[in-house]
Every structure is written in structure tokens, then in C-alpha cells.
Amino acid sequence: MRSTASKTQPADQPGRSSRRWRSLLALLVGKAVRLVSRLSHHGGSALPGKVVERIDPGFLARTLSELPRGVVLVSGTNGKTTTTRMVASMLESLGLKVFTNPTGSNFTRGVVSALVSALGLSGRLHADIAVLELDEAYAVHFVRQVKPRYALLLNVMRDQLDRFGEIDTTARLLGQVAQATTGTVVLNREDPRIARLAAQTPAQTGVAYFGLSDDLLTYFPTDDDMHASDRESDGAGADNVSRSFRPGHRLPAEATLERVMEHRAAFRLDGRLLETDLRLEGVYNFYNAAAALALVRVVLEDMEPDDAALMDALSKVTPAFGRGEVITYQGAPVELVLVKNPMGFRLALSSFNPVGQDTMIGIRDEYADGRDMSWLWDVDFTSLRDTGVAMVSGTRAYDMALRLAYDQVPTEAIETDLDRALTAFLKAHPGRPKRIYCTYTSMLRLRSALGRITSVDDAGVGA
Amino acid sequence: MPQTQDKAEAAGNRPPLRILSLYHRDMNIYGDSGNILSVIRRAELYGFRPLVRYYDPGDAWPEGIDMILGGGGQDHGQERIIDDLHKRSRLLRDLADQDVPMLMICGLYQLFGHYFETSEHERLEGVGILDAHTVAQPDRMIGNLVEQAQDFGRVVGYENHSGLTYLGKGTQPLGTVAEDGRGNNGKDHTEGARWKKIIGTYMHGSLLPKNPAITDFLIKGAAERRYGKGTLAQMQAAMDQKSRSELERLDSLADQASRIAASRPR
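One line per chain: the protein sequences are P and Z, in this order. Just so you know, we're using this note's numbering here: the first sequence kicks off at 1 and counts up by one. Just so you know, we're using this note's numbering here: the second sequence kicks off at 1 and counts up by one.
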């Protein structure tokens with residue numbers, strides 16, 4: 001594949017030298033802060049970003065403006081991380097040099113921090129394009145500084161209402177992203193609140209869509225469907241699925257998801273039906289793959305990648321950290337599934353068969369998890385009734401246990417301490433596959449705990 | 001009300017309780033459906049046959065409703081229901097006068113008052129069942145909330161609202177909060193409102209599963225109005241061992257979940 005770095009660098013001008021010194025200073029200080037915070041194990045991925053922003057407020061805009069293919073911004077309630085990873089991985093497979101922000105740093109300062117560590121001392125980013133995942137609120141903050149060339153807007157779901165207040169407020173935030181995009185906005189035509197954003201894009205900005213085949217619509221209820229369908233369980237009748245309001249469903253799409261199989265999916269691109277194996281878990285990630293495909297086709301329009309190359313690139317994508325990630329412990333797979341809102345939890349429960357597995361659920365209520373536990377009541381857990389749940393853990397384990405009790409799902413054990421819970425959970429049935437549904441900070445804890453155990457294992461084997 | 005026939009029905013195995021979810025489609029944001037679940041499950045364990053009816057704008061009003069549950073909504077949700085609510089307000093007031101228990105959370109709590117004043121100083125007429133009014137403000141009050149309620153003890157939940165609600169002399173607060181910046185209006189340390197068998201509150205969480213005393217208050221009110229005084233007590237006395245221990249388990253989990261909730265940062 002050809003390199004696309006062709007844009008000429010701006011010539012140095014007199015009067016710019018003091019700014020250059022300032023930016024070099026900012027970069028050096030940022031790198032030093034990063035080193036110190038890493039050495040002191042204070043994790044603080046945001047700290048270097050904070051320091052650089054203070055010394056050199058134009059750092060983010062300037063550095064990203066030098067990219068020949070500009071910036072891709074990925075936002076929405078569910079699937080940001082996996083989709084960003086897919087887009088970055090596919091673009092790389094197809095020959096571009098990609099800068100992306102690491103998992104979880106989906107706020108402006110996190111991007112600055114990631115830039116600080118990626119930049120050489122020349123202050124230049126050696127990449128063709130940046131693919132950035134941003135939380136809805138930070139996306140607005142970001143586009144005030146940097147106009148993205150592309151925006152991929154996935155969905156709006158009831159998630160973390162404690163932060164944004166209302167789902168329509170969240171949609172308005174994404175509307176500001178659409179307004180700021182200079183090239184093309186890629187939208188989910190099946191989510192009415194997202195499809196509607198087409199009207200908000202500037203006249204010269206293009207609009208493209210990704211979508212679902214008719215058959216798959218019921219797999220992916222919109223936020224409104226999800227609440228309307230609660231009543232079906234009552235048996236009172238009224239097929240509410242048909243009420244589903246999808247004004248965008250007939251819009252022409254750059255890519256649609258047509259069929260889902262076990263680790264395999266079919267997509268439609270311009271009328272051509274294409275199949276590929278996928279390493280991803282869960283049908284919702286297959287739909288994210290359609291989103292990524294649509295965006296990649298838009299970005300690489302000039303290169304016209306062929307279908308085989310696109311499918312090959314897609315098949316190579318591995319799950320993002322914690323998104324259907326499988327860790328092997330004593331020969332048995334332990335699968336971590338991130339759940340952070342009702343729709344994500346519902347989709348996860350309908351994607352994974354609990355039979356033959358031990359199930360654990362970890363619920364915490366730190367800021368990153370969402371403080372309000374209300375969302376658990378919008379998830380239907382009856383699919384776990386037959387197998388039961390082996391362990392419920394996290395700060396809010398009792399909220400979760402109460403929720404399960406109301407759905408008459410048997411719970412074997414409740415232990416608020418995640419480390420102790422994990423130990424007991426792993427010990428219970430050695431060799432049996434295990435699945436852990438967990439909120440964001442629960443996942444961070446469990447993953448590091450698992451890392452400690454499996455690395456002990458490896459050391460034993462290695463020594 | 002044809003009491004005699006109902007009494008006969010009550011003597012049968014599982015007397016029905018008809019529960020209405022008011023504006024279920026537009027006003028049940030964020031976990032309010034947990035309240036329905038709590039009423040259904042506990043009523044079942046007591047031996048009732050709970051029947052849930054969902055009411056949306058334009059629907060026919062179901063007959064013989066024993067309890068009404070309503071939740072919060074988006075701004076556009078409120079816009080979609082407001083005309084229908086005005087059409088139904090006399091009916092709702094009559095049912096309130098007849099001691100039908102009602103639980104109204106957040107958005108419908110506000111609309112059960114006299115009016116809601118928007119940020120553009122426009123007055124949205126409410127049902128006027130609760131002697132209260134609400135004024136929009138730019139900042140939301142968001143966070144974990146604990147209150148002390150005279151009849152229910154400690155009540156825990158999560159508030160998320162931008163309206164400031166002020167109670168008139170005709171209503172009592174549901175409970176009191178210890179600090180400024182939370183509850184009805186952030187100033188007078190009240191939260192929620194009560195009048196007859198009606199409870200209005202800002203508590204999400206969902207409210208009822210973690211605060212089963214309130215669920216039982218609603219069930220008791222509904223059962224006694226339909227089947228006569230002492231009905232719930234009789235049904236409780238007649239519970240089998242399995243239902244009894246399941247109820248104990250729910251209560252114990254609710255208690256532990258509440259203790260932890262009360263200890264969490266706002």
C-alpha cells in the first residue's frame with residue numbers, strides 16, 4: 001500500500017520560534033510528567049495531558065491539524081471502544097499509519113496524554129490519520145478545538161443519565177459533533193436520534209449511513225423499543241415491536257449487517273453480499289463492524305479498497321480490552337464482558353448462552369460506572385433463571401442480588417470484595433468455562449487480579 | 001363499587017389487584033419499571049393475583065384500577081403526555097379522592113402538582129392532586145439521596161431533576177433530608193409529597209425494591225379499598241412457608257442494599 005503522507009510542511013516563519021520553544025517545552029514537561037507518573041504507579045493517564053494543556057493550549061489542535069487525512073471522531077453510548085479499535089485496525093491493515101487513543105482515555109485530556117507519548121521530540125505526529133474515541137460530552141469539548149474530518153456516530157441509549165441528564169441532551173451533544181465535521185458524517189440509520197442528525201450537518205459535509213437488514217432489526221431494539229417492549233412480558237398482547245419507529249431504515253447505506261452466525265457475519269456493500277469470520281464476541285459487535293466498514297469505505301474512497309481486502313482487514317480485528325476478552329485460567333476460559341447500561345447488558349445476555357458456564361456479575365458505582373443503580377432494573381435477567389448466578393460482587397453486589405431475586409434468578413454467593421469473590425468463583429469448578437459480566441471499574445480490578453494469577457502461572461511454567 | 005362481589009372474589013384463591021402503569025411508554029425512564037416489578041412480586045407472594053395494565057395517551061381507561069404507578073420522563077415524553085393528562089385529570093382526582101394508592105416519581109410527581117414553570121417562565125398546568133408546584137432551574141440536583149420518612153423509616157434512592165418543588169399547606173413531605181442542595185428544592189430539607197394514599201417523590205433507584213415498606217403501603221391501600229380492612233394482614237397470616245421465606249430473603253437483600261446505598265458518596 002502506498003504511503004499517503006504527502007502534505008507539505010508549513011515553512012518556518014519569523015515570530016513563530018517562541019511558540020515553537022513553548023511547544024517543545026510543553027512536550028518535554030509532558031513526557032517528564034508521564035515518566036514520573038508511570039514510575040510512581042499512579043496510573044494517572046490524564047496528568048501529562050493536563051500539564052501540556054496548561055503550558056501550550058494550542059497543542060492538541062496544532063498537532064492533529066498536521067495529519068494528511070485528518071481526524072476521525074467516534075462517539076455514541078455503546079460500542080465506542082470496540083468500533084474505534086476496529087476502524088484503527090482496519091485502516092492499518094489497509095496501509096495507513098494510524099494514531100489512536102488507548103482504551104478508556106476517551107476524554108480530551110486523555111487524547112493529549114496519548115499524543116505526548118506518541119510524539120517524537122520534533123513535535124510531529126508520524127501518522128496519516130487519527131482515530132479517536134470520545135465520550136459524548138468530551139466530543140463537544142474536543143470539536144471546539146479540532147474540527148474532525150469524519151465523525152462516526154453510533155447510538156444514543158439511556159446510559160449514565162446521572163451525567164448528561166437526558167437522552168435527548170446526549171443526542172444534542174452529538175449534533176454539535178455533526179455540525180463541526182468537515183468531511184463526512186457516518187450515521188446509524190436505525191437509531192432515530194442518530195439518523196436525525198443528518199439535518200444538522202453543514203451543507204458541504206457529506207452524510208453516509210450504516211444499517212441492518214430487515215431480519216435483524218428485532219435484534220437491535222432502539223432505546224424507545226426497549227422500553228415499549230417491557231410490556232410484552234406481561235402477556236397483555238399488543239405487539240409493540242411493530243410500533244418500532246425507524247424512519248431511517250430505508251436510507252441507502254454504505255454498509256449493512258445482513259446475517260449473524262457463530263463468529264461469522266454477512267455484510268452488504270453496494271448490493272454485494274460478503275461473508276467473513278470474526279474474532280469478536282456478541283452480535284452487537286457485529287453491528288459495530290458494519291459501522292466500522294462504512295467509515296473505512298468513506299475514508300479510503302480514493303484508494304478504492306476491494307471487498308476481499310476489506311473483509312480480510314475486518315477478520316483480523318481482535319476484541320478491545322475487556323470487550324468479550326477471554327483470559328485462560330488453569331485451562332478454562334474466563335470471559336470478561338463489559339456492561340455499562342441496560343441496552344448493553346440486555347444485548348450481552350442475549351448474545352451469550354449461560355448453559356455449561358459459571359456466571360459472575362460485578363457491579364460497582366464509581367463515577368466511571370455510573371453512580372445510579374436504577375439501570376439494573378431496566379435489564380431483564382430471566383434468561384439466567386435456569387443456570388443461576390454463581391457469584392455476585394462489587395460495591396453494589398446487594399443491589400444486583402436484589403435485582404436477581406426479583407427476577408427469581410438463584411444466586412449462590414454474594415461477596416462485595418471483588419478480589420475475594422474472584423478467588424472463590426475461580427476455585428469453585430476448576431476447568432469449567434466462566435463468564436463475568438462487569439462494570440467498567442469492576443473490569444479494571446478483575447483484569448488486574450486475573451493478570452496477577454495468570455502471570456504466577458506463567459512464571460511457574462517458565463521457571 | 002360492587003363490594004359484595006369483590007368480597008366473594010377475595011374469598012377465592014388469588015384475589016386480583018389491578019395495577020396501572022401510567023404513561024408507561026413515555027414516563028418510565030431509568031428504572032421506574034423496577035417499581036412495577038416490586039409491587040407485582042410482593043403482591044404475588046402475599047397471595048394476590050396482580051394484573052398490570054399499561055396506559056398510554058389515547059388509550060381507553062381500564063376499569064377497576066386498584067393502584068397507579070407513574071414515573072419520570074424526558075422533556076419530549078412530558079410533551080407527548082401533557083394533553084392526555086389534562087383530559088384525564090378529573091378522573092385521576094376522583095380516584096385520588098377515593099383513596100386509590102398512587103406512586104408518582106419525578107416527572108409525574110411534578111405534573112401531579114398545580115403547575116410546572118419552565119425555564120421560559122411558561123406555566124404547564126398539572127393535575128393539581130398534590131398541593132405543590134415546581135419551577136425549572138438551570139442546574140440539576142443529581143446524586144444518591146437518603147431521607148427519613150415518618151411512616152417508612154430510612155428511604156434511599158437517587159435523585160436526578162432540574163425542577164424545584166415547593167409544597168403547599170395541603171400536603172406533607174414524604175420525608176426530610178439532612179442537607180441543603182437536595183430533595184424537593186434544595187432549601188427546605190423536604191423531599192417528596194403525600195396526600196391521602198398518594199406519594200410523589202424524586203427517588204429513582206428503583207424506589208420500591210429497596211424500600212419495601214412503601215411497596216407494602218401501596219399494596220395494603222389497594223387491597224383494603226377493594227376487599228375491606230385487614231385484608232393484607234389476613235393474606236400475610238395465610239402465607240405458606242415458601243412464600244414467607246422468599247419474602248424474608250427479598251427484605252434482607254433490600255436492607256443490605258439500602259445500608260450500602262446510604263453509605264455511598266453522592
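These aren't lab readings, by the way, just hints derived from the structure by calculation. Be aware that one or more of the hints could be misleading.
[To be verified] In silico SDA-like cross-links for lysine to any residue, where the CA-CA straight-line distance does not exceed 20 Å:
1. K340/P - G143/Z
2. K340/P - I142/Z
3. K187/Z - D139/Z
[As the list claims (entries may be wrong)] Here are some chain P residues pointing at chain Z (derived, C-beta under 10 Å):
4. D224
5. S351
6. W377
Idealized CB from N, CA, C, for every residue including glycine.
Item to complete: Please flag the earlier hints that this structure goes against, numbers listed from lowest up.
Response: Hint 5 contradicted; others consistent.
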